[in-house]
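Protein chains: 2
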Amino acid sequence: MFRIFRKRIVTMTANCAVTIIAENKTGILRDIGAVCAEIDANIITTQQEISAEGKDAGYAKINLEAEFFGDASLLISRLREINGIISVEHHSSAAEIFGKRVIVIGGGAQVAQVALGAVNEADRHNIRGERISVDTIPLVGEETIARAVEAVPRLPRAAILVLAGSLMGGKITDAIRYVQSRGIPVVCLKMVGSASSAADLVVTDPIQAGIMAVMHISTIGVFDISRVRGKEF
Amino acid sequence: MFRIFRKRIVTMTANCAVTIIAENKTGILRDIGAVCAEIDANIITTQQEISAEGKDAGYAKINLEAEFFGDASLLISRLREINGIISVEHHSSAAEIFGKRVIVIGGGAQVAQVALGAVNEADRHNIRGERISVDTIPLVGEETIARAVEAVPRLPRAAILVLAGSLMGGKITDAIRYVQSRGIPVVCLKMVGSASSAADLVVTDPIQAGIMAVMHISTIGVFDISRVRGKEF
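Those sequence lines, one after another, are chains A and B.
Just so we're aligned, residue 7 is where the first sequence starts under this note's numbering, counting upward by one.
Just so we're aligned, residue 7 is where the second sequence starts under this note's numbering, counting upward by one.
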């Protein structure tokens, strides 16, 4: 029932995000998928759980984001007609609220400094109407970091990765190449090991690394990593 | 086809995360849902898109996480049997890799300082095998911040919220109460406005606010906000 495609030619798309409260019974998501398919709404994400507390306790709560080519009220009214649906609440999509994500992975001291630069630069962009968020995890060990780096393309809205550390190589370097092959650029601090040789950009100062990462994914900034690829600052 | 429930009595649950490459045709997600329902795998999240580049270009890519009560290889082998499925790759779940999330929202300078404390504290926990990540967005304006605060319960794995600013009230205070009603505690910096009066904990120093937020959601820390609820430090 679900149809998964992107109509890149049509530019009048909008993401419609809803929270659906439904009876906890088999078939609800299938029915939601059927409605979305009928009106050519492309499901992007679903998240579902049983509400444990509050007025919806015991009901299924489904967060749904779909790409839709028209008035969201049509999708919402069609969803409300489904048997077993209690309520459908329309709200802004995660992309509208939290925007593109800078992901920072590495050692605590350096991750915090990259975040300092990135958060302050994102602030300047968000004040002008953009939405850029800065998401971090401090980790230790080649295997652990490599696994997290590899998982970055699976994170919704991840737009750029900054690796903040003093020694990275081996499996982390392989993981960097994997992330790049998925269209996500990688900034590395200047550090020991092979990781920085695979990076799109190497930056010595962690604060500047964070700032440059934000500037690159900004739609109003003029900085573009592809114009300085492989360089070191 | 999908069944949405949590068997809280059975403790031998594990999250199974897979990336599925499939033909871009109607019905694939319905079929995946059917297989999950048959073997009592509870779908938690789906994310789908068409691969734009690489060897999978033109195919549908579906990231699926399901709660499952047995050997993941059964789920995977059943998924591989579905008509139109090209490949199923098993990997760690987002919860295993990125863990619980501290969310920090507010003004850039203060968000960065809370992140500094939280990242360094999360580092100490993650070294000991926990997984805590620190995710931030700097924003300005009552309406904008209130909308982001309200959206926190919709973020996967969000465990605690820190509001970092100098003046917050009005709709933000209402949004704090909504987030708390969804089981997510809220830490506020000491600031002007009604927001801090609704907070579970008020902390003057932003670095300490970040540290306390991490300590609260840690499974190995001994700090518990409920024991100091409403207090100010």
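Hints listed in this document are in silico derivations from the structure and should not be mistaken for laboratory results.
Only a predicted model underlies this, so the values are computations on that prediction, with no experimental measurement involved.
Ideal Cβ positions, reconstructed from N, Cα and C, are used throughout, including at glycine.
Each hint should be verified, as a subset may be incorrect.
[Unchecked claim] Only pairs whose alpha carbons sit at most 20 Å apart, straight line, appear in this in silico SDA-like list of lysine to any residue:
(1) LYS106/B with PRO162/A
(2) LYS61/A with GLN186/B
(3) LYS177/B with PRO159/B
(4) LYS106/A with GLN186/B
(5) LYS31/B with VAL41/A
(6) LYS31/B with LYS61/A
(7) LYS61/B with LYS61/A
(8) LYS61/B with ARG160/A
[What the hints assert, rightly or not] What the simulated footprint calls covered on chain A by chain B, stretch by stretch (three residues with Cβ under 8 Å from a Cβ of chain B suffice, anywhere in the stretch; the number is not a length):
(9) 76-86
(10) 163-174
(11) 200-211
[To be verified] Covered by chain A, according to a simulated footprint, are these stretches of chain B (three or more residues, beta-carbon under 8 Å):
(12) 89-101
(13) 125-137
(14) 218-229
Status of the hints after comparison with the structure:
1. For a cut-off of 20 Å, the pair hint linking LYS106/B to PRO162/A stands: about 16 Å separates their Cα positions.
2. At most 20 Å may separate the alpha-carbon atoms for a hinted pair to count; LYS61/A and GLN186/B meet this at roughly 14 Å.
3. Under the criterion of a C-alpha separation no larger than 20 Å, the hint pairing LYS177/B with PRO159/B is consistent with the structure, at around 16 Å.
4. Restraint check for LYS106/A and GLN186/B: the C-alpha separation of about 26 Å exceeds 20 Å, so the hint is violated.
5. Distance restraint check for LYS31/B and VAL41/A: the Cα-Cα separation of roughly 16 Å lies within the 20 Å cut-off, and the hinted pair is therefore satisfied.
6. About 38 Å separates the Cα atoms of LYS31/B and LYS61/A, which puts this hinted pair outside 20 Å; it is violated.
7. For the hint pairing LYS61/B with LYS61/A, the CA-to-CA distance comes to about 47 Å; that exceeds 20 Å, so the pair is violated.
8. For a cut-off of 20 Å, the pair hint linking LYS61/B to ARG160/A stands: about 17 Å separates their Cα positions.
9. Closer than 8 Å: that is the beta-carbon criterion, and the region 76-86 of chain A has 0 residues meeting it against chain B, so the requirement of 3 is violated.
10. Counting residues of the region 163-174 of chain A whose C-beta lies closer than 8 Å to any C-beta of chain B gives 0; at least three are required, and the coverage claim is violated.
11. Counting residues of the region 200-211 of chain A whose CB lies closer than 8 Å to any CB of chain B gives 0, which falls below the minimum of 3, so the coverage claim is violated.
12. Counting residues of the region 89-101 of chain B whose beta-carbon sits less than 8 Å from any beta-carbon of chain A gives 3, enough to reach three: the coverage restraint holds.
13. Residues of the region 125-137 of chain B with a Cβ under 8 Å from some Cβ of chain A number 8, which satisfies the need for three, so the listed coverage holds.
14. Judged by the Cβ-Cβ criterion of 8 Å, the region 218-229 of chain B is not covered by chain A as claimed, because only 0 of its residues qualify and three are needed.
The structure fails hints 4, 6, 7, 9, 10, 11, 14 (numbered hints given earlier, in ascending order).
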